[in-house]
Each structure stands twice: as structure tokens, then as C-alpha cells.
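Enquirer: Take a look at the letters that make up each chain.
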Amino acid sequence: MKSVPVKVEHEGKWVPTTMGIAEDRFRIDAPLNQEIPYRSVVDLEEKKNQVIVTAGAGGEAVYRIASVEKVLQVLKKFIITQASAYRLNAFFMSPAIRGGVLVQNAQWEKGAIAVMKTGIWFVSQEKQVCIPLDEVTGIELTSREIQEKNLDVVKIDHLIENELVTSFVLCPLTTLQVLYNFLKEATHDTEVREEIDPLAGQVAMLVYSGMDSSAIENMLKLSHKDLDAIYEKLLGLGLAEVLYVRKEVQLTPKGVRYISESVKSPMN
Amino acid sequence: MGRILIVDDTMFMRTLLKNILFSGGHDIVGEAADGAEALAKYQELKPDLVTMDVVMPKMNGIEALKAIKAADPAAKVIMCTAVGQEQMVKLAVKSGARGYIVKPFQAPKVLEEVKNVLSA
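So the sequence lines, in the order shown, correspond to chains A and B.
Each residue of the first sequence is one higher than the one before, counting from 152 in this note's numbering.
Each residue of the second sequence is one higher than the one before, counting from 140 in this note's numbering.
Keep in mind that the hints were calculated from the coordinates and are not lab data.
Watch out, some of these pointers could steer you wrong.
25 Å max Cα-Cα, derived BS3-like pairs, lysine-lysine [to be verified]: (1) B:Lys215 to B:Lys233; (2) B:Lys233 to A:Lys300; (3) B:Lys233 to A:Lys372; (4) A:Lys300 to B:Lys229; (5) B:Lys180 to B:Lys197; (6) B:Lys197 to A:Lys372; (7) B:Lys157 to A:Lys335; (8) A:Lys261 to B:Lys180; (9) B:Lys197 to B:Lys233; (10) A:Lys228 to A:Lys268; (11) B:Lys254 to B:Lys215; (12) A:Lys384 to B:Lys242.
A quick note: this is a predicted structure, and the numbers were derived from the prediction, not measured.
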């Protein structure tokens with residue numbers, strides 16, 4: 152088993168150690184001293200430069216491992232292909248659309264999909280892509296023209312760093328239906344059931360497009376108070392979250408005195 | 140930076156695109172609410188680039204694209220449509236579209252696509 156340097160989280164601190172990666176298991180050396188068979192893994196999450204591996208039927212052991220991308224890639228590939236998860240062979244295209252713009256070099260990749268507790272993993276010879284379930288914003292069973300044939304695909308809209316990304320999965324229809332039903336069920340909580348009035352819908356669209364509050368007020372001819380009320384509605388429905396609270400201020404007599412003095416400089 | 144004609148049948152989307160493109164330093168030389176108006180405005184204003192909605196009354200975006208390309212084969216047109224209508228891409232590309240954006244879109248990505256098409 153080849154050993155590579157990694158850092159693992161141990162008692163709330165990141166500790167340097169070594170990790171061995173074999174065909175059917177990986178080993179984390181002291182202070183953890185653990186050997187984890189890939190088939191015991193029930194979940195795999197990805198954060199920047201780290202992976203979180205959950206093992207054991209009840210998810211009793213959680214390992215946070217940080218290392219260079221190359222090492223994590225090897226580990227992820229073994230886990231995705233052997234972990235205890237619903238797996239299927241499929242073609243996928245991810246990302247196909249990013250922020251509303253078609254990805255120019257997007258292509259279908261042959262590989263596998265593993266559905267884990269908190270996310271779906273696509274793995275091919277070249278790529279490992281994770282879609283966390285709580286980042287999924289839409290699922291649709293649709294068709295797409297592939298090599299001049301209309302084929303059924305699952306279209307998954309999801310967020311990556313607050314950017315809407317669309318990915319496609321292509322596999323036999325029966326499997327596709329299973330995947331679609333699973334995703335529908337797993338993302339049930341984020342379905343929008345409430346009615347949103349057209350104005351609030353337009354505000355939501357502008358927020359998504361990157362417009363700030365003053366641009367939105369100008370575009371929709373809204374007062375600050377009206378926009379605030381719409382924001383409250385969006386917040387209440389769980390469609391938006393507060394990024395920061397802007398303060399509206401007016402000058403005190405001291406402030407007015409300061410700006411009055413500042414314009415009396417010799418230059419003026 | 141380019142001189143851009145925005146074509147969309149909803150004033151809301153035109154205003155949104157106008158704001159995004161203006162923030163990127165582009166000049167909005169005109170707006171049109173359908174394909175026929177787009178063709179007339181294109182011939183009058185000769186913009187560097189057109190953003191063209193696909194689904195519009197009178198003359199749709201694909202027909203307008205074909206008419207503009209027939210009048211000016213060098214015309215640069217970015218098609219703009221709603222999510223779920225990506226099947227239109229092939230038809231639009233076949234008809235001469237240089238780029239494609241899908242609603243809802245984000246400002247930085249739109250500006251990047253516009254920049255790519257203008258510099259191509």
C-alpha cells in the first residue's frame with residue numbers, strides 16, 4: 152500500500168499524517184490508525200482541498216482528509232466505484248450550461264454515477280463531479296438530440312458557488328426513471344409550492360442576475376420600502392437569504408459641520 | 140466594447156439585459172420587441188452584436204436571425220431563450236448564431252459570452 156502525506160481532522164485539529172491507498176481499502180496512520188474498506192463507505196462529500204468520508208452502516212465514522220488534488224482524486228475514484236451506494240453506468244455531461252451560458256466544450260462522458268447520502272457523484276476516466284443534493288434546484292425528465300436521435304435524459308439544475316449549472320445524465324430509460332424518482336424524493340424539501348406574485352418573481356430574477364438593491368429599485372421603479380417588503384416575502388418563503396444588512400444613515404450636526412468645513416479648504 | 144441591439148418581447152428582459160450590458164461598458168444602440176422590428180432596427184443601426192430572444196410574436200428569433208444573416212452574413216447574433224428550450228441551439232447555430240444564453244442568466248456569464256463573440 153503506497154503511503155502519501157495528508158492532513159486529517161483529529162479532536163477538532165488538523166493533524167499531519169500519512170495515508171495508504173490500496174485497491175479495496177485505505178489506511179490512515181497515527182493518530183487515527185484506521186483501515187477503512189471502500190465498501191463500508193456510505194457517503195463522500197467534497198470541500199475545497201478536502202474530502203469527508205463517512206463509513207459504517209450507521210455512518211458512525213467520519214473522516215476529514217485534506218491533501219493535494221491528485222491524491223484526493225485517486226481516493227475519490229476508489230470510493231465512488233466501490234462504496235455502498237446505488238451505482239449505474241451512464242453517460243453524463245456536466246456542466247452543460249453555466250450561469251445561463253452554454254459550455255462550449257461540453258461533451259458526453261462515459262462513466263458511472265453513484266448516488267450517495269448527500270450527493271450524486273459522476274465519475275469518468277477524466278472527471279469526478281459531485282452534485283450535493285442540497286444544491287439541486289431542479290430535476291426534469293426530458294429529451295435531447297444526441298447524434299441525430301431524440302433520447303431521454305435527466306436534466307439536473309444545481310448550484311456551484313452560487314452559479315446555476317445544468318448537467319445531463321443519459322442511460323436506459325428504466326434506470327433513468329429510477330434516478331429521476333430518487334432525485335425528486337431527495338430534493339422534495341426545496342420544491343416551491345407557494346404562489347409568488349409577478350413583481351416578487353421579477354425581483355427574484357434580478358437578484359439572481361446579479362443586480363444590487365439600487366439597480367432593482369431603478370429598474371422596477373420601486374421605493375426602498377417596497378423593495379424591502381418584497382425581500383421580506385422572499386426571505387419568509389425561504390427563497391432568499393440575507394447577504395448583508397445595508398445601513399441607511401443621515402448626517403448628525405457634527406457630520407454636517409465636517410462636510411461644511413471640508414469645502415472651505417484653501418483650494419475652494 | 141460593442142454597440143448592441145437587444146431583441147426581446149418583454150420589457151423586463153430588455154431592461155435586465157440593458158443593465159447588464161451597460162455595466163459591462165457596452166452601448167445599447169436600440170431595442171426591438173419582435174423579429175420584424177429587429178430586422179428593421181438591424182438594417183438601420185448596424186450594431187456590432189444582437190442579443191435575440193427565440194420565442195417572440197410576429198417573427199420569432201430564429202426567423203429573424205436567418206433574415207439578419209441573409210442581409211449581413213457577418214452579423215453577430217447571440218440567441219437568448221428560456222431554460223428547457225436548449226433544443227433550439229442546434230437550429231440557431233445552423234442558422235448562424237454565434238452564441239447562446241439561457242434564462243435565467245447571471246451578469247458575469249452574459250458579459251463573458253458577449254466579449255467572446257465580439258472578439259471572435
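Enquirer: To test your reading of the hints: which numbers does this structure violate?
Expert: 3, 6, 7 and 8
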